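Every letter in the sequence shown is one number past the one before it in this note's numbering, and letter 53, counting from 1, is 257.
Calculated from the structure, these hints are not laboratory results. A hint or two may mislead.
Restraint-style ranges between C-beta atoms, simulated for each label pair [to be verified]:
1. L209 <-> A240: 21 to 29 Å
2. V247 <-> V286: 20 to 28 Å
3. G220 <-> A265: 35 to 43 Å
4. P295 <-> V213: 18 to 26 Å
5. Y283 <-> R313: 17 to 25 Å
6. V302 <-> D235: 13 to 21 Å
7. V206 <-> L242: 18 to 26 Å
In this text the structure is predicted, and so the values were computed from the model without any measurement. From the three backbone atoms N, C-alpha and C, an ideal C-beta is built for every residue, glycine too.
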Amino acid sequence: MVQALAVFVWWVAVMGWRTPREWFFPYGGLDPAFAAFLVPDLVFLVGGSLVVARRKALGEATPRASAILLGAIGYAALYTVVWTVLLKAPPAGAVAMVLLAIGTWRACR
């Protein structure tokens, strides 16, 4: 639940204000290649996190939903780390995604 809210708030902040963009993007601008992740992040990271959290709260098994969520987080984290290195972007995004991936992996076990 917290993860879903954190990802949603991150996107609102990055899309709505310049200061958060400066923490995550080179030159303080919103990179179009990164902005393309908005809808997939909302569907898979926010939606997937909510589905897994709800099912776990109900005591239900979540292997399929957890696998989809882990795949989405893993892909996004790897993309973010490589993008950060290649563009020499501020490291906050890469650090956040690696921590998010580790937290997701632990929560889905």
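Index of numbered hints that the structure contradicts, given in increasing order: none
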